[in-house]
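A.B. asks: Here is what each chain is made of, one letter per residue.
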Amino acid sequence: MSCGMNNTQTLPQMTPAVAMIRTLGLIAALCGVIIVAAYQGTYDAVQENKRIAVERAVFKVVPAAKSIVEYFALADGKLEKVGAGETAQSGAIKFYAGYDKDGRLVGIAAEGAAKGYADTVRILFAWEPATQQVPGFGVVSSRETPGIGDKIVLDKNFLANFPLEARLRADGQALAHEIQTVKHGSKANPWEIDAIAGATITSRAVGKAINDAAQILLPRIRPHLDTLKEKP
Amino acid sequence: MSIVMSATTTDRWDEFMEGVWRQNPLFVMVLGLCPALAVTVSAINALSMGLATAFVLTCSALLVSLLRRMIPKEVRIATYIVIIATFVTVVDYLIQAISLALYDALGAFIQLIVVNCMILGRAEAHASKNPPGIAVINALGMSAGFAIGLFALGAVREILGAGTLFGISLFGSGFQPWVVMVLPPGGFFVLGMWLLVFAAWGRWRQRRQARQAEATRHA
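Order-wise, the sequence lines are chains A and B. Mapping to the numbering used here: the first sequence position 59 is 59, numbers consecutive. Mapping to the numbering used here: the second sequence position 24 is 24, numbers consecutive.
These are computed hints drawn from the structure, not numbers from a lab. Every residue gets a Cβ at the ideal spot worked out from N, C-alpha and C, and that includes glycine. Warning: the hint list may mix true and false statements.
[Stated by the list, open to error] Covered stretches of chain A (chain B as the covering partner; in silico rule of three or more C-beta atoms under 8 Å from a C-beta of chain B):
id : region
1  : 19-25
2  : 41-47
3  : 116-124
4  : 165-174
[What the hints assert, rightly or not] Interface residues of chain A toward chain B, partial, derived using beta-carbon atoms under 10 Å:
id : residue
5  : 16
6  : 154
7  : 201
[Unchecked claim] On the chain A side, residues computed to face chain B include the following (Cβ under 10 Å):
id : residue
8  : 14
9  : 15
10 : 28
11 : 50
12 : 52
13 : 53
14 : 147
15 : 148
With the rest of the complex left out, here is chain B (with noise of 0.2 Å):
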């Protein structure tokens, strides 16, 4: 019975750490740039962009879940886009009652949720086939890969193009901030070298597993 019980339990932190780390979906997959790019200019933005679409994904791929064997295929699409739409004026109308600074600091890429591939790819490629339970934590998984990729996009570039991290100084009033970091150029400049350093580890650990079958082959 405890055997069953830590197997299903590793399957669901498997499903669960695909999306944070293994398809990671935007340090692996590369998608949901829009966002990425746009609204990554401070910690917070990029902390409150990735609940929302957190909110969104989860929400939908739950929905999706259950109503699976109830939509034909040849509609598919249509009703995965109504309901992620659905989610997303939810989480509209929720950011403008929590904060309406927040709401302005996010501009259109709140609204924008709806046409992120990442979302409707969960839908498609997940959560259609699987039970709720499942494409839940399939989409939670996903939702802290990417709220994880957006803040370490944000928090690098609110460091160095403001100074400050949730809008605490780091540096004191000496710091001259490196304005580029927080304009458009920054983002790709950002997202250019977190991209690096995930290539440059992939490439460490494929070669310590290549060295390690080696050494078991030697031995």
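Excised from the complex, chain A in its bound form (with noise of 0.2 Å):
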């Protein structure tokens, strides 16, 4: 009985569900609309910044270069010139053609990326055709503990490293020699990495993602490099 009197005093508190409904329709009609003219009124710029950023990063790694070219090297082994806005294909990989004024081709660069210490070090290296050799190389994304696995791209000597061997074997489906990383102190050949000593992981990781990158995206690239020489 008590039950009941409670209802009848509540019920004209509780706002009716229409209303709820309403007000909620309201208000995420209206965020909508923020969010949409926010969307719009930063593409441009945002697309922009994008275009920058990986123009920048690929000019690092390919100083020569002037403007860039980018293509999807196909699974099947087609190259493929990448559209405004173009997501890849599974199996394709992205990269950069860099072209000096004149047009000839000077450097590609392509990601790479392999497991660090902390996560993911995603890398942008360049490769130049003429010589087979990797002259450097950019961070693109890494989380490794600062002032030991972000060294990659301050200590001196492991930037001696580069220009790094890359050549292709004689068939043209995977380097010659695999590229490595080894202990600080006992580089041999011109494939190798000289870890930095107290950031081997980090290390390694450049030169897994280097490889592990060149091992694929070469063998697509070398049978198009007449038709890459000249900008398109």
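Mind assembling these two chains? They're in different frames, but the hints should get you there.
C.D. replies: Here is the structure:
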């Protein structure tokens, strides 16, 4: 009985469900409009920023380049130019061909990734078709320990590993010598990377990232080097 | 007339200073610790995070306050979250448009502003009960307090941990960076130190007030 009385007392204070739905719907619609406006308003600037970021990263590892063209190296061995906003198909690898001011190919840049100490280390490395060397690399993303793992782009001895030999085998199906990171002070061959003492795992990640990406990408690119030579 | 004016100005100033000082979100209420500890590895990151949070806090306080009579109390939390999430999305796009490097540095913590309890707390405890003008002033004060707190953490951590401030080297090449300060434990060390400073200051003020009260009683 008392329960019923309670109901009659609380009922008038309850907001009808219709009012709640109306308010929520209205606010959701309003928020939707705000988000769409923000997305549209910033879209051009964001795309431009992304393009500049990619360009800057590529120009850093291929310093002689004045312009870049983005390609996909497809799994079936074909090359495809990347259109604006296009995403990769499965098995396709994106790479950047860097051209000098006369439109001659000076280097190729591609991303590689390998497990580091804290997380995956993603790098962008360059490859020079003329010398079949990796002249250098840059870090795309890394969560390695500051002061230890981030030495890979600062340590002079480590940077002296580059140019690094990345020569394709005569049949062009793989690298002639696998790129390997060796213990600090034991580098004997031009395709070996001398690890930083105290940052061996991160050093190894750099070597593995370059090797894994180069082993797949370079054999795909090699048959097309003649067409890539001139800027399209 | 002028007395009334000055009274409201004082009130507004008071409302603003509440967040900056007496109810400082970081050092007094100890709210929003997740971004406070995670992104304050440098002064610029800390300041950017403070500005991003300020944008979300102020905009959502304004909207919540404008809609306060329309929102049924049963669905108020859901509504606040939708509004806060909207402005977090907006600030996410804005930061991407301003600088991708900054966006990468702040990482997931931009999206995580949505769960910053300080913002929901302000919407619930203040903006939903006050007119837009006052809500915005209070939100701005809280934002300023939070940004100052983050900056205090970020600046100390960057100076000790990297020897720089805003990327400018302070001590020259001879300085051996105190790396632990830019690592997660450093966040706790520096936050603890600041809390200690604030607690000591609070106690000193209390003692001074007690002494003053004593003096007036004797007089």
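A.B. asks: Against the earlier hints, flag every one the structure doesn't satisfy and list their numbers going up.
C.D. replies: The structure conflicts with hints 3, 4, 6, 7, although it agrees with all the remaining ones.
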